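Engineer: Top line first, the protein sequences correspond to chains A and B.
In terms of our numbering, the numbers along the first sequence are unbroken and rise by one, the last being 1161.
In terms of our numbering, the numbers along the second sequence are unbroken and rise by one, the last being 609.
Some hints here could point you the wrong way.
Pairs of lysine-lysine residues, derived as DSS-like cross-links and limited to a Cα-Cα distance of at most 27 angstroms, are as follows [unchecked claim]: (1) B:Lys-164 - B:Lys-176; (2) B:Lys-395 - A:Lys-1108; (3) B:Lys-302 - A:Lys-560; (4) A:Lys-925 - A:Lys-915; (5) B:Lys-347 - A:Lys-1108; (6) A:Lys-1137 - A:Lys-1072; (7) A:Lys-794 - B:Lys-108; (8) B:Lys-263 - B:Lys-197; (9) A:Lys-577 - B:Lys-315; (10) B:Lys-197 - A:Lys-827; (11) A:Lys-830 - B:Lys-164; (12) A:Lys-1105 - A:Lys-1075; (13) B:Lys-176 - B:Lys-241.
Quick list of the computed label-pair ranges, beta carbon to beta carbon [what the hints assert, rightly or not]: (14) B:Ala-262 - A:Ser-837: 43 to 49 angstroms; (15) A:Lys-915 - B:Glu-309: 16 to 22 angstroms; (16) B:Gly-483 - A:Arg-977: 45 to 51 angstroms.
Hints listed in this document are in silico derivations from the structure and should not be mistaken for laboratory results.
Small disclaimer: the values here were computed from a predicted structure and weren't measured.
Ideal placement from N, C-alpha and C gives every residue a C-beta, glycine not left out.
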Amino acid sequence: MSEIRRIYVEKKDAFAVEAKGLLADLKNNLLMDGLEKVRVLARYDVMGLTDEEFSQALQLVLSEPPVDTVMEELVPAADEKVFAVELLPGQYDQREDFAAQCIQLITQKEKPLVAAAKVFVFKGSLTDDEFEKVKKYLVNPIEAREAALDKPETLEDTWEEPADVERMEGFLDLSEADIAAMQKNLGLAMSVEDLLWIQKYFKEEEKRVPTITEVRVLDTYWSDHCRHTTFMTNLDKVEIEPGYYTKPIEDAFKQYLAIRDKVYGKKTDRPITLMDMACIATKKLKKENKFPDNDDSEEINACSIVVPVEIDGKKEDWLVMFKNETHNHPTEIEPFGGAATCLGGAIRDPLSGRAYVYQAMRITGAGDPRTPIEKTLAGKLPQRKLTIGAAAGYSSYGNQIGLATGQVQEYYHDRFVAKRMEIGAVMGAAPKSAVIRERPAAGDIIILLGGRTGRDGIGGATGSSKEHTVDSLSTCGAEVQKGNPPTERKIQRLFRNPEVTVLIKRCNDFGAGGVSVAIGELAEGLKINLDKVTKKYAGLDGTELAISESQERMAVVIRKEDWEKFAKFADEENLEATIVAEVTEEPRLVMYWRGDKIVDISREKYKPAECVQRKRPERTV
Amino acid sequence: MCSEKGLSERFDSTIGRATVEMPFGGKYQLTPAEGMVAQIPVLHGHTDAASLMTHGYNPEVACWSPFHGAMYAVTQSLVKAVALGANPDTIRLTLQEYFQGMRAKADWGLPFAALLGANTVLNSMEVPAVGGKDSMSGSFMDLHVPPTLVSFAVNVIDGRKAVSSEFKEAGDKVVFLSTPLLDGDVLDFAILRKNLRRVHQLILEGKIKAAAAVEEGGIAAGITKMTLGNALGFRFVKPFPHTESLFTLQPGGMLLEVAKDADLEALFGELDCLPLGTVTDNAEITVNDITLANAELVKAYTETLEPIFPAKAPESETPEDLLAQPLYKRELPLTAPVNIARPKVFIPVFPGQNCEYDTARAFDLAGAESKIFIIRNLTAQAIEETIQAMVKGIQESQIIMLPGGFSAGDEPDGSGKFIATMFRNPRITEAVNDLLQNRDGLMLGICNGFQALIKLGLVPYGEIRPLEENSPTLTFNTIGRHVSQMVYTRITSNKSPWLNMTEPGDVHAIAVSHGEGRFYAPADTIRELFRNGQVATQYVDLKGNPTMASPENPNGSLYAIEGITSPDGRILGKMGHSERYIPGLMENIYGEKEQHIFESGVKYFK
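Bound-form chain B, shown alone:
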């Protein structure tokens, strides 16, 4: 058992502005979520309905007994789903089998036993498997894969009721809800069903503050993971007589955090609920006379896979004057000389860009009227038509938005080139200049859009110009891979109309997801940007200070710069996906998540 954060963070987990739980929760983003929860992707309007999916699997058990492997896998997927907020009576499953080739007669016993194990749970818990898939060639010469059955559980819930697994508050009680094993190590499904229904009821009543299934590593591993997210501690009741069972597999078992004044009898009644101890605010775990510090636990948990899937980048040099750069405060917000009730936003979408839905919805919600425009380039004629349509689209708009994504798959060997090349077409350049210079328009680029802005010169220079050797740029993250996580960014300057609902020093939790987000420029250029108030936002640590440390500064950006503006602030480029948050999302992440940049952009025209 070890942290897989370095692996997981290669994968974008926030696109679609629907992510209810981040894969890793807590201030330190270290407690793995039990599964995934996302709002249903409605195109218009708002919904709180959210789907969730969990899985269950344990190869060790599967090798030891395929029957139990499958039975525990299905059970685990159900328990995790309920821990997240699923209704145990409406969960639906899909199964994945993966076995060796069937050569000898006895080989057939492996999937046979596994399917019987799965069937036992389906039948006892009355949960249907809607589908499944089998792969029956897991052999190489005389080596064979573990007899595998992975269970996936799906449910649709009210996303506002979803529960995350990191401990929330010192003083809270934590209990272990167990499911007994009957003869032959078969679970007592009648009791499991009662337990799950009870937990679900308590979740609906808002009485469960954190929940997790007991997995490999037993209660000890579960409690540890739950403490790490918020760097809280845990004190087992003393004396704790069950130390020998702390590390054993407890299929069907759950760990639950409830309020400090909760009446366990009232909550759990006759169910087999064992009080384990108390959440504490000193970062250590104490069981009887043994105490383990959070730092030690984090180290043991995170270092195993670091050589394969690093979660931290190599150390970056910290410039001496990093903390000496001043905040920049604009006294009066910049506003357009014209009043426009619903400014129009032109959102061109190049092949490979994918944040246009999210961005358009953010603008529309803020009171703008956005227009998504698809770049067509299958033929030379389509390109010509596209250029003409883009010119027209820009002329009819007050705002150009370059959304995130991977235009051209970040090829050839660098991001944003496709967009930048298109915008350098003289007719489009002219339309952009007209918007910016004659019509007081705005431009915003997020992630891939920021890369395009910087590669055009629009930030920091405020105009499309040829790049020089010393031009600021965005390049590959120092960690050498894509990063997807939440970061804390600070408003360093509110010179931009995009930031006029913020104050310098405000800190926000923002999603990032990119492979090339490292801001780079000569130090002199950077200092000048600070002086001009063009450094809009910086990556900060939990104390709110700009930092070069990974993962707080996720890409090794110089001077921790996350976003910059044009000289007068009307063009903003930033890496962080401010559009990916609406209330109800990223519930296991702490801090202010709303930056109001879209609203600010719309207000500029009022």
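Bound-form chain A, shown alone:
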């Protein structure tokens, strides 16, 4: 293999917007008075190029003569301190990815290996203590780390062939106390009761030990994020505390009970839940035919209404879809990626409904961003960093995918210091005739469309349901997701073509829970071949493939005979599409990995009765 070439690229003084901004930021917000100058350099390590190719890459891709200075070595002066930052391994790095793709256009060979880092040089009298403070300010350990200043030996991935998926020997005989310990050790979001239930199910019905994949898949599927346990909890006793507003609340409760009577009849055993309270008024309006534009269907991807649209004087029925989504926890721990994927995820809901998403609204809540940095709570990022980082992330995703963000409003309130609020709401639309919805049948195939799968976001679904503690910043690393909007844009383009969408029987986006949820929800009986899931890098094991939350992926059910047609359309949009599963007769969720059957669960158990339709919106009425 060829040698690694290292190059530093720095903006000339007239163009050093970022460096100057950072200097001002550190002086104003970290009170680094002794700091005189900040330099920011992009560092590239490139492998797999000839001399000539490298020199072209340098001229055309890695630097621009009018704005950049290029150097092969960086020698700091005595009053300069240097450190470098890189994203954690396994996180999507748009800079590395597109540098490699651009260079490939020159070479027209395999993509070269590119590693990128950002190097900061601080000039002035900075004490070691202050230097550490600056590092801490600039590096969020959940997504990035300080990079070595030396050149690495290789850029090639070193990975080991993963071991077979573990069978949980002895699990069937564990005592309740052991199970409680196990729940903690594995960091599961499900309760001890859930685990005991699983133990009983495997003991009595499957008559075998579960695999770790099965436990993780169920943990993901049952997490509050997916199952909404809070909203489904029975409220068997309601007391309204006496106080100034007792009366109106009591009246409102009576009104709610009266509507229930009208909707369900007086003799109903339906429990009172928050979900019911949220849905009841709409159920009543439906019953009274006061919601005629409701787009009723078995497949629910987003809120959907039927609207007549006049085009060149002719009326056509359209589906207008809208959806709101929060990403509070991910944004709190890594604002850029969390907010970016908030929008990415919100878009994929109507998009999976084959609507073209054209507009977004962003409503957020933050503590006072003017709070001095040193007043930041332990275990938290400063509000200033949170709000600026989240704005940068959300806007970068929206601007790149090409949808208009029509309203942005942030609410400032001290209590949002507990956790940021990051809401994305989107609008989508499609001609009704372009959206076909059919129940999948045995023999249909399931296509994984879009991005590749990595370790990103593993445990995101369960993570959001866990409560945030001081340790969250250092232990949630794998839960961070990075967006790749150009890939999602390709799906947007593909699904805007009615010739494509009429092939689609049902579609589900990869949100929380990855393969296990996105594909797992599509049909009653499924056989998934995890070896077909395209990977970002080698070394992922079956469990990781089953629950990874890598972004920009879509699961599509089509007839087997439509595959070639569909594949051609996807290829024309520069999109990867792979058959990863088939619909089966028997109602079981089955997953294979390296020939090993690592998941084989009864559908009935996978989706217990109380786990109502998780598909968004959770309140189907």
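Assemble the complex: chain A is given as a structure, and chain B must be docked to it using the hints.
Structural biologist: Same frame as chain A, but now just chain B:
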């Protein structure tokens, strides 16, 4: 309450050529819109149907009483929607709850009360919530988020009827339409419903010139925001006896501007409508004996968030001869020696570009035949096939259009590199040269496309050539972030066939949306461009003069340059998205918005 313009303008608000209302309205783009309105994204043909979305939320009220917080939030989303033009009887909602973790029994009272509050409105107003989403882990140790319910309201309207919230004209009357509170501070929904239906009827009749919901800060804040957009003034009726209630929350309340000769009795009848005063053209607000100048109000409104989300860039140096550069007028428009009824436009789309739909539609509407071509690069073979197809596509066309977007996400560390690298492939370069040198073809690059043109040397040199240290370039905006807003640009030279339906000195309101739009070149090079008539367009202030001031010059471009051409004008690169306007859009922005560049490009071949 403060302006969030610096935050909002990081977000592209005009892509899709569907934006009916810009987020900030008026000549000064300072009055925030009540929500968002966009035409339905039809692929072919024209529609006036537009969707709108608004939201309602107030964390202060939610903390004080989750029941009222939710009730007022839903109400606010409805009132804002109606203010924009929604029909109150067909609005649909989706709700977002965000609460602390449910630890103690009493915690359950928070979402319980909030959902009852929301249910009260849904039931009384007969508005269904189609869906919703809950997030129930808003806690950190013993800190908890406000008990939050945000309501989103959606409706589909005739976009031509949408109403914006900035005051339009001096002399107009402004009224406050109120909804009374009953016992327990519950709104009188019967009256609210009547009010909203009446307002909607008046909007359909074209009798409401501006409308806004009363929000935090009360009537005073509402009136202030409505004056700022067009720097108009407001005089409250004198004596104004209700000063104590100017700042109070008035859930369900609306502020409405009607014509100066409007008969309030005829418009509002028995409804509780309070005449507040008159819009004036002296930029100040007067209530009884107090007068506040527009400048003071703007300062107070905009400075709070400036250290976090700047709306203005650091000051740029103004060159002494900025205003001395002459306009350049071409006497006879440049035309192609061949007649082509429907010139073909080749639009390559690189990963991350996203303006191809809008641009293709603009060309097709102007009489061209556009072809969108997707760059495929998943394998080395796909790249080879792409190069061959591009060569063929260029050979079959008369125009190459490089659309806007973020090719390769503007990576690595600079925009347009992916496109430029592809075009430097010798076979593609040859096809481009052939189009330009032998076939009298045209090229246009907008935003990301302009960045690619300049990085190829096509502007200003007219040919693909290696870049030198002193080559003109486009680089990061001086404000250090993406900017999305409307700007005013002036035609400085109409040498280009792309501008042959304009006259030097014409000013247009154009959408910009970019992170790297700052034109930069040595001053001598720039002066030469002016002399050659190659500076096509410049950012100007409201007087029409080129300016270095932010935000009129949104990116700190030297000599306020927005667009330049090749020496003979057949290649034009510009930052502003001329393709994002068709009649019916950007209704809260004033001035001529149609630049006719696509039509001009097509006419060149006639």
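Engineer: Determine whether the Cβ-Cβ distance between Ala-262 (chain B) and Ser-837 (chain A) falls within the hinted range of 43 to 49 angstroms.
Structural biologist: holds (46 angstroms)
Engineer: With a cut-off of 27 angstroms on the C-alpha distance, tell me whether Lys-794 (chain A) and Lys-108 (chain B) pass.
Structural biologist: Within the cut-off at roughly 21 angstroms; holds.
Engineer: Does the structure keep Lys-395 (chain B) and Lys-1108 (chain A) at a Cα separation of 27 angstroms or less?
Structural biologist: holds (21 angstroms)
Engineer: Below or equal to 27 angstroms on CA atoms is what counts here, so check Lys-164 (chain B) against Lys-176 (chain B).
Structural biologist: holds (20 angstroms)
Engineer: Below or equal to 27 angstroms on CA atoms is what counts here, so check Lys-925 (chain A) against Lys-915 (chain A).
Structural biologist: At roughly 13 angstroms apart (the allowed maximum being 27 angstroms), Lys-915 (chain A) and Lys-925 (chain A) satisfy the hint.
Engineer: Honestly, do Lys-915 (chain A) and Glu-309 (chain B) meet the 16 to 22 angstroms range at C-beta?
Structural biologist: holds (21 angstroms)
Engineer: Does the alpha-carbon distance linking Lys-176 (chain B) and Lys-241 (chain B) stay inside the 27 angstroms limit?
Structural biologist: holds (14 angstroms)
Engineer: Has the given pair, Lys-1105 (chain A) with Lys-1075 (chain A), been kept, meaning a C-alpha gap of at most 27 angstroms?
Structural biologist: holds (24 angstroms)
Engineer: Holds or violated: Lys-197 (chain B) with Lys-827 (chain A), Cα cutoff 27 angstroms?
Structural biologist: Holds, at about 24 angstroms.
Engineer: If you draw a straight line from the CA of Lys-1137 (chain A) to the CA of Lys-1072 (chain A), is it 27 angstroms or shorter?
Structural biologist: holds (14 angstroms)
Engineer: Is Lys-263 (chain B) close enough to Lys-197 (chain B), meaning Cα to Cα at most 27 angstroms?
Structural biologist: Distance of about 24 angstroms is within 27 angstroms: holds.
Engineer: Holds or violated: are the alpha carbons of Lys-302 (chain B) and Lys-560 (chain A) at most 27 angstroms from each other?
Structural biologist: Holds, because 26 angstroms separates the two Cα atoms, which is no more than 27 angstroms.
Violated hints are absent here; each numbered hint is respected by the structure.
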